[in-house]
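S.K.: Chains as they are written, first to last, in numbering that gives the first Met the number 0: chain A, 0 to 457; chain B, 0 to 457; chain C, 0 to 457; chain D, 0 to 457.
Think of the hints as simulated: they come from the structure by calculation, not from any bench.
The structure presented is a predicted model; accordingly, all values stated were derived computationally and were not measured.
Note: identical chains are not told apart, hence a pair may lie in one copy or across any two.
Cut-off 25 Å, straight-line C-alpha distance, at most; resulting in silico cross-link-like pairs (PhoX-like, lysine-lysine): (1) K354 <-> K203; (2) K183 <-> K336; (3) K336 <-> K203; (4) K39 <-> K446; (5) K92 <-> K82; (6) K113 <-> K40; (7) K138 <-> K92; (8) K113 <-> K140; (9) K332 <-> K183; (10) K92 <-> K39; (11) K183 <-> K10; (12) K332 <-> K366; (13) K332 <-> K203.
Single-letter residue listing:
There are 4 protein chains.
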Amino acid sequence: MCGIFGIYGHKDAALLTYLGLYALQHRGEESAGIVAYDGKKVMQHKGMGLVSDLFRESAIRSLHGSIAIGHNRYSTTGSSNAKNVQPFLVGHKGAHIVIAHNGNLTNAVFLRHKLEEAGSIFQTTMDSEIIAHLLARSKGKACTESVLESLSQLEGAFSLVMMVDGVLFGARDPLGFRPLCIGKVDGAYVLASETCALDLIRAKYVRDVKPGEVVFIDKGGLRCTSLSKARVSANCIFEFIYFARPDSNIFGENVYLTRKRLGRQIAKESPVKCDIVMPVPDSGNSAALGFAEESGIQLEAGIVRNHYIGRTFIQPSQHIRDFNVRIKLNPIKDVLKGKRVVIIEDSIVRGTTTKSRVRTLREAGAKEIHMRVTCPPIISPCYYGIDFPTKRELIASNQTIKQVRDFIGLDSLEYLSLEGMLKAMSLPGGKFCTACFTGNYPVPPPKRFSKRAFEKKG
Amino acid sequence: MCGIFGIYGHKDAALLTYLGLYALQHRGEESAGIVAYDGKKVMQHKGMGLVSDLFRESAIRSLHGSIAIGHNRYSTTGSSNAKNVQPFLVGHKGAHIVIAHNGNLTNAVFLRHKLEEAGSIFQTTMDSEIIAHLLARSKGKACTESVLESLSQLEGAFSLVMMVDGVLFGARDPLGFRPLCIGKVDGAYVLASETCALDLIRAKYVRDVKPGEVVFIDKGGLRCTSLSKARVSANCIFEFIYFARPDSNIFGENVYLTRKRLGRQIAKESPVKCDIVMPVPDSGNSAALGFAEESGIQLEAGIVRNHYIGRTFIQPSQHIRDFNVRIKLNPIKDVLKGKRVVIIEDSIVRGTTTKSRVRTLREAGAKEIHMRVTCPPIISPCYYGIDFPTKRELIASNQTIKQVRDFIGLDSLEYLSLEGMLKAMSLPGGKFCTACFTGNYPVPPPKRFSKRAFEKKG
Amino acid sequence: MCGIFGIYGHKDAALLTYLGLYALQHRGEESAGIVAYDGKKVMQHKGMGLVSDLFRESAIRSLHGSIAIGHNRYSTTGSSNAKNVQPFLVGHKGAHIVIAHNGNLTNAVFLRHKLEEAGSIFQTTMDSEIIAHLLARSKGKACTESVLESLSQLEGAFSLVMMVDGVLFGARDPLGFRPLCIGKVDGAYVLASETCALDLIRAKYVRDVKPGEVVFIDKGGLRCTSLSKARVSANCIFEFIYFARPDSNIFGENVYLTRKRLGRQIAKESPVKCDIVMPVPDSGNSAALGFAEESGIQLEAGIVRNHYIGRTFIQPSQHIRDFNVRIKLNPIKDVLKGKRVVIIEDSIVRGTTTKSRVRTLREAGAKEIHMRVTCPPIISPCYYGIDFPTKRELIASNQTIKQVRDFIGLDSLEYLSLEGMLKAMSLPGGKFCTACFTGNYPVPPPKRFSKRAFEKKG
Amino acid sequence: MCGIFGIYGHKDAALLTYLGLYALQHRGEESAGIVAYDGKKVMQHKGMGLVSDLFRESAIRSLHGSIAIGHNRYSTTGSSNAKNVQPFLVGHKGAHIVIAHNGNLTNAVFLRHKLEEAGSIFQTTMDSEIIAHLLARSKGKACTESVLESLSQLEGAFSLVMMVDGVLFGARDPLGFRPLCIGKVDGAYVLASETCALDLIRAKYVRDVKPGEVVFIDKGGLRCTSLSKARVSANCIFEFIYFARPDSNIFGENVYLTRKRLGRQIAKESPVKCDIVMPVPDSGNSAALGFAEESGIQLEAGIVRNHYIGRTFIQPSQHIRDFNVRIKLNPIKDVLKGKRVVIIEDSIVRGTTTKSRVRTLREAGAKEIHMRVTCPPIISPCYYGIDFPTKRELIASNQTIKQVRDFIGLDSLEYLSLEGMLKAMSLPGGKFCTACFTGNYPVPPPKRFSKRAFEKKG
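Could you put the whole structure together from the sequences, leaning on the hints where they help?
M.R.: Shown next as structure tokens:
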């Protein structure tokens, strides 16, 4: 996942982009960058780490101009290093191309091969560089034409914020895997992955960029065009389950309320006799509220989260993850002692973190521990931008629910059904990509997919 | 406030101290330090900033030995700079004195003056250095004797972890303002400000250090002695209201459950007709649960906290605090629109932050906003270690509740009564220091108290 | 100017490259980088600043492999920023291209324009990136063929060390403006700008790369081929006057001995009655020795250089240069008082630094101050890699020698004649480029030359 | 050795102190610090490393006030760490004590023990802290009285610059081991270890602080008093041999001219038939000039020094020193080949560096290598501030001159005689401390001297 942000026509463009990235930090903790443009020069500030650590006031002040693009990165394609920090910036024929990308191209290997055969050289391993090369080689007369010609060659998932020749572009792939919305503040247009970024800068939400749509923003305002005819869209349902911030609206719907409905739904599907219901904080908080309301079981915040640590899911290495499990959550013994507890989890990926959490609850004195998961078992990898592990590491891909229950050490374990999950969405069910739960991929996955496809060199 | 930690007789003393400081991070975000002792040499690692930023694996590994003392600092006495990072360490006659202090001495100016007259020189502005000088000048034969002689000269609030000549000491002032508990892990004794530090390192809670007690730990195990005869104690009630972690037990009682009782109590005292009840996350979370249970009003997590920022209260400068208010909390419009809301706050200090939060909720569409505060109005400064602003800046010290309500922009505002607050404690009421609510100081405050007493130089 | 270094087939390739860069530090203080190749992966370490500051032992150890290329940069083309640090490295079709360049292409703007028209995108403003694009677009079957095809399109000055597909290349432009020599150590071939780099790593000097020659080194040893038929060469004479280290042999001749001959020559051409002769340390040291020998005037080291500062000439900004003039050299009053002094300078560029030095000598008590400069007046800019200022700033381009003398504040000033300078060279006069003294450019300069040609963007 | 600097009554006090430290950098490369005083507050900036690396413009600008004291440290007493960076600063009774010390107290262990017995605690291992404690315990009414009382308890070598209560003090021990001079700039008084610091800031040399003298500078100007009656002084002769900068005047005499006389003297005492004479740059430069003049042998700069590295002698660890020997000096083969060479060295300490240099010259082709050293064999350690190794490591302490010659690999080796050395001084011979050559210590050395006396802890 990644967070992307763009703004056109605001005197504090870089500052608002910085705040936008702050709000979108949960979408990528590995690196961040801002590119600003003052009509003549582009300036950039990028680095590894969190937005709050990377940007000092002086850095923001050095990014002049009324157009800016920002990016929070959480590595999927392209390994974790400084060279791969976005936005991607190149000069071409005296103009500037700036690209911020959320998603994953499924034909990246093919496109790169073709471009190299034609004499292009690559300095990073990011999908964004491929897009820049397509733009540079485009025969389009106007830059709008070039953008359309280039984007039409892409397959897979892409929500993009780009600047070409002083024009700001926003685009989503024809199936609309990743979110991207349009806002407005002080007369300036804003593009952002989630509405929480609009809220922070007091921008008004205008609408989402539509699947397959390209919007371009210049002095004439915002205009839009289409990459392709409308098809059935495939919004990533996992954004609702886990990824997006609860205060965001994505794909037109509030995340918090959706999660509460997911909690209510599993309370209906898989009730349980317990003394207390508890979320795994904070990802299970919203669903636990829904579960408590539906079931009437008393809600307790029986696990306390240490707020000085980031989100586990995003950490790259297994070694650090294990350390974080110990340090991140602490159960309250006086709450748990002798109680029958039902825990609300958003999802189970490998199962190891969950197992370790459950062990901690047992040690704290819980008598029974039940778990309700607000999505179906994850059985297939994602090729559209979520960094799930390989099939071999996805616990539900290899074990029955009973085996998972025993592995984790639970008294009972129930997942939400596919139908139940879709029912909890307020939108018609056909809209979503549920490939990670079903293996039905709306766009064919790459033949020989490899996270580091471009790094294996002779 | 500060967090203190000590361990005696564990091969991973520095690592466990590091983890202990991690758990106690909320007690002081400004600086941190660890001193370790291997029987011959002392080693230290200190710095400004958070524990997670300061300590790398290599730093921990360089701190050899089976005794270690750690400190998280949140500046009260002694200004905010690198020189004042604790634990305080000096060599004296070939031995080492290491001191970590939580609290505030009320006779610091007097003691320092006396020591300077006798030829002592001071290199920091910390209370801890005064204690070291008293130790160095003590005529006591054994180091235990010296420690008792020195500590008996101190007035005010002190919970201490010290190492003198290879012996670990823990001590609390006779009124027991600040918490300090004893734990045991792998046969080694541990001292910590709160039990959450014991939990993280899987240490068993043994008991609290008693008010006026000095415990000393060496190869012979743990022994204890007393500074003074038992008096009525004066545990800081604000630790329960705001400061301590909800998963900790302090003064013998769980913080989370106490806060829930505070929420229940104010629901009884000051009921209100509302559609939803919401905490100010995360400090109001526990009380909001209690309030919801008691009142039957539906609990909603209608404000989302950005987890990439620390606790507002602790930030030193007003400038940064204002920035954080904007960036830290985001209301969910879809939850608030058209609703009558009651907000549960733990306390109001200056009122400016609260005012700004309430304005945000109004903008998000709330129809009515009521607030219930789970303590009485704060009217007097604390001389025992809580960094309240001056009386002039304490809003409730200068304004009626109605004025405060109007300043903040609320439809109604109610504080918990003093009696209600004490009733919600599970312990007999006489035990607590409530000076910040009543102005009744259990120990006379210093005559000309100044935060920077030692920095005004000729 | 820049320093370049390459080594093939040595187990400590990166370490020796590091030492080589250390020895070549005088050729570029702005940035440095090393790229190493272990047959599979390339690793790099680069940064702004001096070699001694940039490379720690751990950095060197992380650069595995038996092939390495290093570069010291002193910005000419391409502005002074981190992106422009060499060696330039790209991946292409699974292979690696690494380029280190000393010199300046005179057709860079033309080549870049042509490449951009064909769809290439540029991420830096360096000549090296142009060469990489030419290589990527070459139709040559073998990489040797591609290299020849690409280099034959270049005009101007280039001494290159490159690695393509695991083969190490060294090349000089057909006129041989910049030096490049071949050495051998422990059976491994070495390429370096100056022989002082060979000395430091105890490599044996083999021979110079000839003007217009391309050498390629692989498992089969060293082979060579030619870019063009032999023409009259145009070695940069300013390398002897100022740039190269005195302990180096370049273009087949020792620099120190050449400078002594330059000093002897001007002593013959422009004798002067003085009590003492003094060099401007350290660039005038060698010539002052020659002058003293020839003239019989007593040599005194009457100006002491502070060794904690680098070479003034190389510092980028005028502001810092002025500071350094004050701090760098201190005259010894007891030596100068009442004396007639002749100062030996290697060259005068703007004259401002010299003026300030002479003022200092007057203040120290010198009775008469004469200056002898060991080259003719510099009247024309260099388009082949020396970073002279514009014609307007070259003092001798705009003023007569008498005016220069008066500006600087000298009792007499004499420059070496062009004939005298060429006579002092041990090689036949026709070999050298003397464009900066004569304005006769052996290769046509670019029409609209601009140091920042590639940075003026729309 | 260390460099000390102080200034009273200048609006740019900190900036001039910074420049003074820059000029005195050769006296201590390990750490540096500046303390400034604006009449109310003291501000400091300190750190490990070179002055040019430690101080940015912003740091200098933050050091307000018209009084400043600076220190360059090169560890002798007190180990090499950040805590021991001078100037030493403490607050005492609302006033400030700032101390910069060059030299070594021979009764430091005794004084420290006495102070600890009386209850003083020590936070560093520096002599300066002892002086601060003596000041704090002094019964003197005026601060001048206290300073005299305190300094009169010190034994050994001390040149001091101190500030007490806004008065600037300069002092030298009764034998005047280390230099200290007085200057004046823009009406402000300056104190500095060497006159080269005065030159850089364009201050006029006034006079030396006399042995046993204490000068104090306040609004009333400069006054002076005496610690003790005049005795025969004992100026460190090694300052002339090696330590001081050639452009300085110390003990009333120019260093460069003195070194030239040393070179002339050994040319007379120990002539040799050679083709060329060469200095070891740069410490042998001055003496080589004198040798060449006296002997008539042709001077050649046949060894080139890499200016990107500091002075070998000062580096703390043997590992780094060995690396530097390889990287620092490069002989010019074309100068040395087949020649009989006489090398002028200032001194030989361990002999290992010299041996390695001579080996390099042989490899470069020298036919015969003779060495002349401009001082007698060093046979005894220094207890007054020069960081010689132990007697066991001093090569001349354990071997005959012939053995040394063979160890180093020379064709001949001659040292200057004690008489010859004293004759080359322009001052009467009795003034100097020559203990390192004779073992006659003007002040009794400490009984159990240890560099880390204060760090061996129980």
